[in-house]
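> Each chain is listed here by its residues.
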Amino acid sequence: MTAGSQGPGEIQGALVEALDLVIARRGSGALPGEHRANGRGTGTEIQQIRPYQYGDDVRWIDPAASARTGVPHVRDHVPERTLTTWLVVDVSASMAFGTADRLKSDVAEGVGLVIGRLAVRRAGRVGLLTCGTPEPRRLPPRGGRTQLLALRRALTAGVAPDGYVPQDALAASLRQVGRLTRGPGLVVVVSDFREGETGALAAGADDGAAGFGDPAAHRRPPWARALAALGTRHDVLAVEVVDPREATLPDVGHLVLVDPETGARVEADSSSAELRRRFAAAELARRDAVKSHLRAAGARHVEISTDGDWLRALGRSLR
Amino acid sequence: MSFQAPLFLLGLIAIPLALAALWRARRRPARYVVRFPAAATVAAVVGRSGRVRRIVPPALLCLSLAGLVTALARPEATVAVPVEKASVMLVTDTSGSMEATDVSPSRLAAAQAAATRFLKRVPKSLQTGLVAYADAPYTVLRPTQDRAQVETTVQSLAASGGTATGDALASALQALGTRDKKSPPAAIVLLSDGASQTGRDPAEVAREARTAGVPIYTVALGTDAGTVSQGGQVLNVPPDPEALAQIAQLSGGRAFRAEDSDALDAVYETLGSRIGTRKEKREISAGFAAAGLLLLGGAAFTSLRWRGRLP
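These protein sequence lines are chains A and B, in that order. Numbering-wise, the numbering used here puts 101 at position 101 of the first sequence, and it's gapless, one number per residue. Numbering-wise, the numbering used here puts 1139 at position 139 of the second sequence, and it's gapless, one number per residue.
Only chain A is shown next, with the shape it has when bound in the complex:
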């Protein structure tokens, strides 16, 4: 357990009950369920009525249409299946940061638990893939209470130790999800989306300060490409966890900052208003870039801050 971690806090059951994964359009489970799926199959909604062909199930012959036309007709239905949800949770060292109510990783843990509880409803299945630790944790998609317990155990195992640099771990996890899933489903990505920003920012810094105002100055990171590939088949919910302190630098004089992942040390004079202004602008540009990458991937974007009630913020975006 990471130092300073307080856990996700109380998750109000009533609030969770009121939520549902309405954003998922298509299911793909083996069992009949509530989500529409691709193709044809059993369901309640009629897709079309067509002439009977040899091999069709005679039980689906529509008597009224057959009588009207004099030719036997069958009904095709839109298949309705259960939903498979994949949770991709970033547990890299940069998630162990929080200056308001709790750490970013605590919020991520809570979001993962709530999504899991919503996902296993109505015979749904949920799978988990963490990224950012040397050994990624992985739960194959299953349903039921036992899976929820396993999910809770995997999520509370904490974040990566400082000094471990995940090389495109988020992108690799997203690609792995793409390989593992059979049919379309829901993919929920919980991260701070700070991966691969060092190179992008260095490229922006070379252009000078002007580069920060322009999101196009940031190159498209690998995770954005992987997410765009996922977005073509799945519904993607991207939960970005942020801390208010990351957006602005306080005026506290000379600072020695260390990157939790790379361990790179930066000395900065935070009493310089110019520096603080440029930092805020650069962070804003980074957030804008993340936003545009997510939009380009067709993902639904939810921003959740470590201050305030994360459950309500999540609920607002899920309803």
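Keep in mind that the hints were calculated from the coordinates and are not lab data. For every residue, glycine included, the Cβ atom is placed at its ideal position computed from N, Cα and C. Any given hint might turn out to be false.
[To be verified] Okay, the calculated bits of chain B under chain A, using three or more residues with CB under 8 Å as the criterion:
#, segment
1, 1033-1039
2, 1065-1072
[Stated by the list, open to error] Covered stretches of chain A, as calculated for chain B (at least 3 residues, CB under 8 Å):
#, segment
3, 130-141
4, 266-276
5, 279-286
[Stated by the list, open to error] Away from chain B, derived, C-beta distances all over 12 Å, residues of chain A:
#, residue
6, Q6
7, R36
8, I46
9, W60
10, A67
11, G70
12, V74
13, F97
14, K104
15, R182
16, R194
Mind docking chain B on chain A? Use the hints.
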């Protein structure tokens, strides 16, 4: 540059030691660091100026250390000091062969120009005299500080007649006055384009000059292709560097050879710094100490300004 106390230069070892200590201190995990996921953004914002600010104060400190240690070793610089009351006689050949145009514009004109430049270059305290000669020395100017007079005389020289080098040197020696061990230094610069034809033997005068302590610097002017036309006849007038070299060697001076006006200028430049000045060692510790202190101040200022502490 030399040092009066070079042993103190061992103190320069302190600089690599200080750099190694700094490097170690920067590698050691600092006690007061803040974990910050947006550190990469801060690094990008701080950018290159941040790296400069990390490097400049220690660099200034090391330079100041180097300056102060060097000052401790008491460095000396060799400087050219003008010699007091030194005198030099310019002995210039104005024989007919000086009209040859193998040296542009002509041997005599090149010699005049070079002599004028020489007079401008040498220190003010140097006394210069002039002997112009052809069949016999005809213009003798005693050593004087009046440059204008010498210059006008040089400009008014015209070429004609033979070459009486020995006599010219003798009158130059005479113009320098009676000399003993305590007399201020003196030298003769002989510019000629041929061997002595009439008058005394130059070698004999050169020996006299040596006893008087007057070195004769000789300049052989012209190329082997130099010609003059005399009465409808074209005569080849090559210079005689061997004879001049002998004069220089006998008197303790040096022989030069100039085949064009640029070379002549170069020769006169060498002579100007050789005759008019003396090499002297001066201690320059104060300059190093001042530079060291300035750099120290710069290091303290930049470090306080940028990093809020002394380096």
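> Each of the hints needs a verdict: does it hold here or not?
Status of each hint after checking the structure:
1. 1033-1039: Holds: 7 residues of the segment 1033-1039 of chain B have a Cβ under 8 Å from chain A.
2. 1065-1072: With 0 residues close enough to chain A, the hint is violated.
3. 130-141: violated (count 0)
4. 266-276: holds (count 5)
5. 279-286: holds (count 4)
6. Q6: 17 Å, holds
7. R36: 40 Å, holds
8. I46: Correct as stated: the minimum Cβ-Cβ distance to chain B is 52 Å, above 12 Å.
9. W60: 57 Å, holds
10. A67: Holds, since 69 Å exceeds 12 Å.
11. G70: Given that every Cβ of chain B is farther than 12 Å from that of A:G70, nearest at about 72 Å, it holds.
12. V74: Correct as stated: the minimum Cβ-Cβ distance to chain B is 59 Å, above 12 Å.
13. F97: With a cut-off of 12 Å, A:F97 comes too close to chain B, as the shortest Cβ separation is near 5 Å.
14. K104: Incorrect as stated: the minimum Cβ-Cβ distance to chain B is 8 Å, not above 12 Å.
15. R182: 36 Å, holds
16. R194: Violated, because the least Cβ-Cβ distance between A:R194 and chain B comes to about 6 Å, which does not exceed 12 Å.
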